[in-house]
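Trainee: Spelled out, the chains give:
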Amino acid sequence: MKKKTIYFNNYYKLFNFISIFLIFASLFLLSFKGLNYGVDFKGGTIIELRTNDKNLTISKLRQSFRIMNLGDISVKKFGNENDYLIKFEKKDSNNVNFISDIKQKLENSIGQIFDFRRVESVGPKVSAELLRSGIIAIALSLAAMLFYIWIRFEWQFSLGAILALFHDVIITLGFFSLFSLEINLSIVAAVLTIVGYSMNDTVVIFDRVRENLKKFADIKIFELTNISINETLSRTIITSITTLLALLSIYFFGGQILKGFAFAMILGVVFGTYSSIYIANPILVYLRVSQKTIIKEDKN
Amino acid sequence: MLYFSKIRIFLISLFTLIFVIFALSNFTNIGKKIFDKKINLGLDLQGGSYLLLEIDNQPIIEQKLQNTLLTLRKYFKDRNIKYQNLRIQNDKFIVFDINSNDIEKTKNLFTDENSDINPYYIQFKSHQFDLELDKNTFKLEFSKYGLIQIKNSSLDQALEIVRRRINEVGTNEPNILKRGNDRILVELPGLDDPMRIKNLLGKTANLTFRFILKNTEETFGVENLSFEDGSENALVSKRIVISGENLLDAQPKMDNQTNQTVVTFSLDRVGAKRFGKATKTGIGKRLAIVLDGKIVSAPVIQGAIIGGSGQITGNFTFQSATDLALLLRSGALPAPLNIIEERTVGPGLGQDSIDAGIFALLIGFILVIIFMFFKYRLLGLIANVTLVINLFLLLGILTLFEATLTLPGIAGIILTVGMAVDANVLIFERIKEESENEKNRIVAFDRGYDKSKTAVIDANITTLIAAIILFMMGSGPIKGFSITLGVGIFTTLFSVYYIARLLTSIYVTKNKYKDGAI
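Top to bottom, those sequences are chains A and B.
To convert, note that position 112 of the first sequence is 111 in numbering that gives the first Met the number 0; the numbers rise steadily by one, no gaps.
To convert, note that position 66 of the second sequence is 65 in numbering that gives the first Met the number 0; the numbers rise steadily by one, no gaps.
Wrong hints could be hidden among the right ones.
[Said to hold, decoys possible] Example chain B residues on the side facing chain A (calculated, C-beta under 7 Å, incomplete): (1) Thr343; (2) Ala359; (3) Pro407; (4) Gly417; (5) Val424; (6) Ala458; (7) Lys509.
Calculated directly from the structure, the hints in this document are not laboratory data.
Backbone N, C-alpha and C fix where the C-beta goes; we use that ideal spot for every residue, glycine too.
When you get a sec, could you build the whole thing from the sequences and use the hints?
Mentor: Have a look at this one:
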């Protein structure tokens, strides 16, 4: 039973252009539109509240919060009809009654029983630290992957894998910027997991490329990458599918709090799978990797 | 790769069984006597409050500078050193001028390793104060380690006080930890509304009894303080009659005569003596009870109080009197605490998160199982059995270490379900390839396992690296994610290389030469 070969390598250039375009578009968005940081990284307060009044409108709620002078306020529905998420800039660390005052004022102006289901308040000092450690974590994970791939493979492979990683991280963040999705601590966790997943995917194909390089001296790298991609293709697809099944069930059933995380992961898995094929492998071709590349390494 | 000795099969089964029992102990009470451990639920799942407090050390530093200034005065006098312009500058430096003859001598007093005025910390190779000398002007500033020393000691004190206050309130298993050298982390599980605790922690509870003066003639200095209810201001002496440190006990009480809520207190021996003496000589004067810079009340002294006990009146409700008594019993904080981060989850949301998380886990699990079965049939069945065992192993290990499960942690478990099959898929796909040229299935399976090994290990190490970095950098809920993700990698590798391989070997050895798809 011979499997049908898909000629991925015919589209290397085309998809490289698309990727380069997406990266520049993402960088453009990131530098001009920026990211929508949540309270974890910007400081401020969020309140998740539930009300039993079905007639309550967002604008009414926003009005009540606006008169409290809490700075920039955003009010939105959160998951179902009765849940709202309110986010504002101010975080009053000197007044310990801050939250209960707000609840009091809210009950005075709208006059009903609100249930504050979740309150998160982060001061400016802490949010700056969280942002810094988030950036360090992502940088550290990229460095760790670089180190890992550097001891496992030749430099051409490392470069391909790392460029694929940067591609995934930048485009995922670009998407978050484009749709103004909130960046919080769980998104950092998602990005790190994406880095791990994308690397994993690339390494499996590279493993096969290297094996094939040893086996076939006369096949050009351009062909060889395609053979390797095809040989590992069903694994690539099955693993992406099972991972996506898990992530989709988190996205749809895991509750509001995990939605952002699941969405980032879904993007990451899609781009991670794509980049292993269309970023990591073409780099090997451009760098003219051949049997000599790995044989030389073995002699050392 | 496919051969398993009997003893190995036994050990694998035993190991698996033990962890399955561990996992099950979360859901039943059977066998509780032998193994009584459970997975902890994080604050985001059981509801509760997370507070990060930061000590404002500035007042302490200023106080220490003040003390040093007083010490220096006496110190120079004792040694006949002529000094001028001894003062504190910018709440940061102590500055003074020394007569030119004494400069060398004075400099040595501060820079000698055995200096008794500027202690030397051998472990840090640093003095308490850094000295800057400009001609004859000396400028002292707390060194880096001098500041650390101050911060550490105030943190230790504050931690103790915070612990006492929270224990007095009697919440469920609070978690109180140091963070860095000026922060305290407080986790209060099951607490719906942290208002009261925040109130209690927000007060320094610095109590002093001081006389109110009619004029400013007082060698010790006076300050103008306002009453707590804002009704009036009064000149209060800086001379402290007794302070909170002299208190042995404080309790709220209903005064039967006035029908007011009061706080009664009893003093230690030193305090009782001083209180007795002061009340004896001060009959007719007003004694102000000052709490955190505000006058609570200032009763006129009617007669000497010798018994070492008394009561504080004020506009108390029973609740506020209870809280004041609690604060006085547990002692004053060395410096004010600010709440710089707060995260509170109500029990309702916590339960909703658990329900949603478990539901998502079930759905994800079922989808993956159905998919694997349709894709690989019999081998898929093996992968699925492995996956179930993997899940139990993961829960078992979390139980054994009494790890904390958070909502992102549940997401980590679901993600593990999705990614765990990867290892089996890598192996199965390789076996498929190998069987194209090899009719003997045992050989094909053996090669499949052998050749896929590096890819499987590589694939899992990359995820493990991400999990480890998250564990190091993350906090709270995110840490929970990194734990389940990281532990999931080990259980995956175990279940794939022992359980799945064992099951495959049983299948293959019984169907050595059968044709057809795998």
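Trainee: Now, for every hint given, state plainly whether the structure supports it.
Mentor: Each hint, compared with the structure:
Using the Cβ-Cβ criterion of 7 Å, the hint placing threonine 343 of chain B at the interface with chain A is satisfied: the shortest such distance is roughly 5 Å. Nearest Cβ of chain A to the Cβ of alanine 359 of chain B: about 4 Å, under the 7 Å cut. The hint holds. For proline 407 of chain B, the interface hint holds, the least distance from its beta-carbon to any beta-carbon of chain A being 6 Å, beneath 7 Å. For the restraint placing glycine 417 of chain B at the interface with chain A, the shortest Cβ-Cβ distance is roughly 3 Å, inside the 7 Å limit, so the hint holds.
The beta carbon of valine 424 of chain B comes within 5 Å of a beta carbon in chain A, closer than 7 Å, and the hint placing it at the interface holds. The closest approach between the C-beta of alanine 458 of chain B and any C-beta of chain A is roughly 4 Å, which is under the 7 Å cut-off, so the hint is satisfied. Nearest Cβ of chain A to the Cβ of lysine 509 of chain B: about 24 Å, over the 7 Å cut. The hint is violated.
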